Amino acid sequence: MTASKTNTGNFFEDFRVGQLFAHATPRTLTVGDVALYNALYGARFAVQSCEPFAQAIGYRRAPVDDLMVFHVVFGKSVPDISRNAIANLGYADCRFLTPVYPGDTLTAVSEVIGIKENSNHTSGVVYVRTTGRKQTGEIVLEFVRWVMLRKRNLAAAAPAAVVPKLAERVDPALLAKAVPAIDVKRYAFALAGEAYRWADYRPGERLDHAEAMTLEEAEHQLATRLYQNTARVHFNQHEQAQGQFKRRLVYGGIIMSLARALSYNGLANCFHIAAINGGRHVAPAFAGDTIYAWSEILELSEIPLRRDIGAVRARLVAVKNRAAADFPLLTAAGSYAEGVLLDLDLWLILPR
Amino acid sequence: MTASKTNTGNFFEDFRVGQLFAHATPRTLTVGDVALYNALYGARFAVQSCEPFAQAIGYRRAPVDDLMVFHVVFGKSVPDISRNAIANLGYADCRFLTPVYPGDTLTAVSEVIGIKENSNHTSGVVYVRTTGRKQTGEIVLEFVRWVMLRKRNLAAAAPAAVVPKLAERVDPALLAKAVPAIDVKRYAFALAGEAYRWADYRPGERLDHAEAMTLEEAEHQLATRLYQNTARVHFNQHEQAQGQFKRRLVYGGIIMSLARALSYNGLANCFHIAAINGGRHVAPAFAGDTIYAWSEILELSEIPLRRDIGAVRARLVAVKNRAAADFPLLTAAGSYAEGVLLDLDLWLILPR
Amino acid sequence: MTASKTNTGNFFEDFRVGQLFAHATPRTLTVGDVALYNALYGARFAVQSCEPFAQAIGYRRAPVDDLMVFHVVFGKSVPDISRNAIANLGYADCRFLTPVYPGDTLTAVSEVIGIKENSNHTSGVVYVRTTGRKQTGEIVLEFVRWVMLRKRNLAAAAPAAVVPKLAERVDPALLAKAVPAIDVKRYAFALAGEAYRWADYRPGERLDHAEAMTLEEAEHQLATRLYQNTARVHFNQHEQAQGQFKRRLVYGGIIMSLARALSYNGLANCFHIAAINGGRHVAPAFAGDTIYAWSEILELSEIPLRRDIGAVRARLVAVKNRAAADFPLLTAAGSYAEGVLLDLDLWLILPR
Numbered sequence: 001m002t003a004s005k006t007n008t009g010n011f012f013e014d015f016r017v018g019q020l021f022a023h024a025t026p027r028t029l030t031v032g033d034v035a036l037y038n039a040l041y042g043a044r045f046a047v048q049s050c051e052p053f054a055q056a057i058g059y060r061r062a063p064v065d066d067l068m069v070f071h072v073v074f075g076k077s078v079p080d081i082s083r084n085a086i087a088n089l090g091y092a093d094c095r096f097l098t099p100v101y102p103g104d105t106l107t108a109v110s111e112v113i114g115i116k117e118n119s120n121h122t123s124g125v126v127y128v129r130t131t132g133r134k135q136t137g138e139i140v141l142e143f144v145r146w147v148m149l150r151k152r153n154l155a156a157a158a159p160a161a162v163v164p165k166l167a168e169r170v171d172p173a174l175l176a177k178a179v180p181a182i183d184v185k186r187y188a189f190a191l192a193g194e195a196y197r198w199a200d201y202r203p204g205e206r207l208d209h210a211e212a213m214t215l216e217e218a219e220h221q222l223a224t225r226l227y228q229n230t231a232r233v234h235f236n237q238h239e240q241a242q243g244q245f246k247r248r249l250v251y252g253g254i255i256m257s258l259a260r261a262l263s264y265n266g267l268a269n270c271f272h273i274a275a276i277n278g279g280r281h282v283a284p285a286f287a288g289d290t291i292y293a294w295s296e297i298l299e300l301s302e303i304p305l306r307r308d309i310g311a312v313r314a315r316l317v318a319v320k321n322r323a324a325a326d327f328p329l330l331t332a333a334g335s336y337a338e339g340v341l342l343d344l345d346l347w348l349i350l351p352r
Numbered sequence: 001m002t003a004s005k006t007n008t009g010n011f012f013e014d015f016r017v018g019q020l021f022a023h024a025t026p027r028t029l030t031v032g033d034v035a036l037y038n039a040l041y042g043a044r045f046a047v048q049s050c051e052p053f054a055q056a057i058g059y060r061r062a063p064v065d066d067l068m069v070f071h072v073v074f075g076k077s078v079p080d081i082s083r084n085a086i087a088n089l090g091y092a093d094c095r096f097l098t099p100v101y102p103g104d105t106l107t108a109v110s111e112v113i114g115i116k117e118n119s120n121h122t123s124g125v126v127y128v129r130t131t132g133r134k135q136t137g138e139i140v141l142e143f144v145r146w147v148m149l150r151k152r153n154l155a156a157a158a159p160a161a162v163v164p165k166l167a168e169r170v171d172p173a174l175l176a177k178a179v180p181a182i183d184v185k186r187y188a189f190a191l192a193g194e195a196y197r198w199a200d201y202r203p204g205e206r207l208d209h210a211e212a213m214t215l216e217e218a219e220h221q222l223a224t225r226l227y228q229n230t231a232r233v234h235f236n237q238h239e240q241a242q243g244q245f246k247r248r249l250v251y252g253g254i255i256m257s258l259a260r261a262l263s264y265n266g267l268a269n270c271f272h273i274a275a276i277n278g279g280r281h282v283a284p285a286f287a288g289d290t291i292y293a294w295s296e297i298l299e300l301s302e303i304p305l306r307r308d309i310g311a312v313r314a315r316l317v318a319v320k321n322r323a324a325a326d327f328p329l330l331t332a333a334g335s336y337a338e339g340v341l342l343d344l345d346l347w348l349i350l351p352r
Numbered sequence: 001m002t003a004s005k006t007n008t009g010n011f012f013e014d015f016r017v018g019q020l021f022a023h024a025t026p027r028t029l030t031v032g033d034v035a036l037y038n039a040l041y042g043a044r045f046a047v048q049s050c051e052p053f054a055q056a057i058g059y060r061r062a063p064v065d066d067l068m069v070f071h072v073v074f075g076k077s078v079p080d081i082s083r084n085a086i087a088n089l090g091y092a093d094c095r096f097l098t099p100v101y102p103g104d105t106l107t108a109v110s111e112v113i114g115i116k117e118n119s120n121h122t123s124g125v126v127y128v129r130t131t132g133r134k135q136t137g138e139i140v141l142e143f144v145r146w147v148m149l150r151k152r153n154l155a156a157a158a159p160a161a162v163v164p165k166l167a168e169r170v171d172p173a174l175l176a177k178a179v180p181a182i183d184v185k186r187y188a189f190a191l192a193g194e195a196y197r198w199a200d201y202r203p204g205e206r207l208d209h210a211e212a213m214t215l216e217e218a219e220h221q222l223a224t225r226l227y228q229n230t231a232r233v234h235f236n237q238h239e240q241a242q243g244q245f246k247r248r249l250v251y252g253g254i255i256m257s258l259a260r261a262l263s264y265n266g267l268a269n270c271f272h273i274a275a276i277n278g279g280r281h282v283a284p285a286f287a288g289d290t291i292y293a294w295s296e297i298l299e300l301s302e303i304p305l306r307r308d309i310g311a312v313r314a315r316l317v318a319v320k321n322r323a324a325a326d327f328p329l330l331t332a333a334g335s336y337a338e339g340v341l342l343d344l345d346l347w348l349i350l351p352r
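Protein chains in written order, with my numbering: chain A, 1 to 352; chain B, 1 to 352; chain C, 1 to 352.
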């Protein structure tokens, strides 16, 4: 008898628009997960680091880092959606909708919202909208991602192409549902590490986050397993040694979290990611790479009915093996510059 | 004055049948330990991962992974029993008897139940039965293991050989003492990740668990320290560089935990290890090795008075640096095949 | 617009005697942090490992390891004090004043108490007294440290030299403020791992702690980030490759914690560090180094009004890539011997 009970994942031709996946495994987050997340990235945002700080300004308690919530929900979708992915191409319309606290349990479902075969007929792109919920049924986040998947059977016919229309950015009116009313008088700027409020940032302003982190194999593997993300390219050196890169690939979400943690230096009061308007993993990262990050302020927006907080739209760029003091992004020819890893477009929340 | 207060461990001639050891250090397990365990192995079994899932089916809360309990109890015995071991030869008659929850404190005692000098008179085998208890006095697990120990004094006389008789497998009537009454109607198979119940498995069925993990030095050291296991071969490269393998050896329990985590793919509803009937570490593992796993169903058994759950006896085999799709185990000559690391014989519990 | 909001740290000429820093970020410690600390060092002291043990002898619950408290408070001071340090030269007058439990939140302030330019006029030494408090306002520890800092502007004038007078050791009358009344009858020596009490140690006694640990990059980075210590020399291989050592330096506090964990073997009942009388990082450590440790008992002292506990003053020495059985410390010429990393002078607390 053969291993018919083993999940070997879906391939391009297994997806249909409208298809729904209820992902395994539900996951209760704890202060243990938070400690490990902190040790992996070194984040220092006061709201997530300090119970009394979070409670003073209006949270029930210190919330779990937004990107940890993202990674855990994302991780659940991997066995069904991207176990056999060639590449995780992009994100859009990611909104954080409810604070997540230690003790909360996350589940995830995904709906296929687009499919398009590549012109080589050996692979194609699948678009899914993934929704994470907590044990109460409340949605904690939603996002769209698209991945390139190989075909199992090259002769399989492809369905008609459906490519979803995705907004360039999340409407500010939809932001900050996950932020309670903030008592800004009790927000201790000195303890948070910087004096800058919402109105202190200006479109066009660029910030070199100045610090950097060199990645180790053990670190990215620990992180990716913490999220129960099983994508084999991150863990199996025996197999990867035969592949294009000869090495394990670092889960792209790790670059997101590192860049976010580094961005504390200059954006210390951007205590919440309200939305990921878009994101691209421009190049792969490997153990031994040193990650730097910089940000550009793209836009400021008020949030309807909120006088306590404002939104800053920022481009957060991670680069590797080069300092970010000269804000590397594009070449003269318009392609991404050497060393650019990640190009994220975020709505960040600050006290006013 | 010299370091007479330092424990340098026992040698073969220090053991006598009937000898009792009350091991240091009692250890309170927390959600922090659980988070780290998850990050080290990537387990996805729903009962251990999710508080509401565990509570819905009848647990007081999500129990600690069975093998984590095993490793912590095992670790306590190392300074007294196996600090100077040449090899950890085998396990038998390991039964899990009470669920362990975060907040519980584990202690361990061992009794010497067998001793046999090797024919070379430079080493010998010691058999111990180790019992782990929680703070209430309840036994959480018992197991027998045997280790090869060198002699400190080659001239030391050996006692008469005593080799304990060990059953080939644990009697099914003794299984599942650690499993509360399970409300199978509330066991959400879709969330757990697979649809298979007890009756869906058949003796002779083999499952390639399909995923793999490459081990790093930092990972196995973190894990082994988490269990407060002090065996020097895992930690001291300066000393190991002079030894047979030139490298640190990975604690065998890590291979057990990795294989168990990989076995989720195909055995997702085997939510509890009720017993380890036997186990052998066939070959050493080192950092850089990639671990694959496969299982063979050996036997199905009802459990007296339990209509909620059934037991599946499975052989869980871990191999390194080769895929498990062809179920590697023995050579034509009957010895273990190249790459086989671990041969475990388990009783697993599933919903009926 | 340039990155004016980014903190690039202070340089020698930025400090003035009397200057005060309220450091970011407040940090709530959890059982998750404790689990990771245990996995990083493998400590086995019963009071910190076991809730019922700690409660039986008089603690409210198992306290957080003293050196973890030290590292977290120290880490807060790094962005303001030592981000641009050439070297962390020494510690003195470090006293632990209140037990810290999971759930407590730590903050830190520092006062500049000394400044002295080096004769080369390119750098200088800054002395600070750092105070850590918990959310109640209680001081949990105080210590003095001095660091060598480079000048940003070599032409900057130096203030008059002020070098604080520091006692050689903390007065025993000031010790053990962080230790509740201990019920020694309920201190289970067998479970703690050794039988030795205060009166069993003698000045001049030396103990080889016998175990050793080889350090990995991922381990020291995880630990240092756990403490939110941002000193770039620990994390940025891309930058370090251009420097003196070509490699990331291990945060000296990691050597302190490893040596302390190793010292369990021989000092198992020294359950609390009451004071660090002085300490020097003699040489840098790097990933791949194997750390051994030994101790010498320097002095025994009663503590006024305490019949439950006594203090042992011990020199704790960490060495690398050589065993500690011959107690390596000084050369015949009086300089530190090859391989010595750390020379700590501690007051330790034991049951009487």
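Think of the hints as simulated: they come from the structure by calculation, not from any bench.
Treat the hints with care, as some may be off.
Unchecked claim - Straight-line Cα separation of at most 25 Å, DSS-like style, residue types lysine-lysine; simulated pairs:
| # | chain 1 | residue 1 | chain 2 | residue 2 |
| --- | --- | --- | --- | --- |
| 1 | A | 5 | B | 165 |
| 2 | A | 185 | C | 5 |
| 3 | A | 185 | A | 151 |
| 4 | B | 5 | C | 165 |
| 5 | A | 151 | A | 246 |
| 6 | A | 165 | A | 177 |
| 7 | B | 165 | B | 116 |
| 8 | A | 151 | A | 5 |
| 9 | C | 177 | C | 165 |
What the hints assert, rightly or not - If the Cβ cut is set under 8 Å, some of the chain B residues that face chain C in the computed set are:
| # | residue |
| --- | --- |
| 10 | 56 |
| 11 | 330 |
| 12 | 331 |
None of the values given here were measured: they were computed from a predicted structure.
Each residue gets a CB set at the ideal place from its N, CA and C atoms; glycine is no exception.
Cross-check of the supplied hints:
1. A:5 with B:165: 37 Å, violated
2. A:185 with C:5: Between residue 185 (chain A) and residue 5 (chain C) the Cα gap is close to 22 Å, so the pair holds against 25 Å.
3. A:185 with A:151: 57 Å, violated
4. B:5 with C:165: 37 Å, violated
5. A:151 with A:246: 22 Å, holds
6. A:165 with A:177: 23 Å, holds
7. B:165 with B:116: Roughly 13 Å separates the two Cα atoms, so the pair holds.
8. A:151 with A:5: 21 Å, holds
9. C:177 with C:165: 23 Å, holds
10. 56: It is violated, given that the least Cβ distance between residue 56 (chain B) and chain C is near 25 Å, above 8 Å.
11. 330: For residue 330 (chain B), the interface hint is violated, since the closest Cβ of chain C sits about 35 Å away, which is over 8 Å.
12. 331: Violated: closest Cβ of chain C sits about 35 Å from residue 331 (chain B), beyond 8 Å.
The structure is inconsistent with the numbered hints 1, 3, 4, 10, 11, 12, although it conforms to all the rest.
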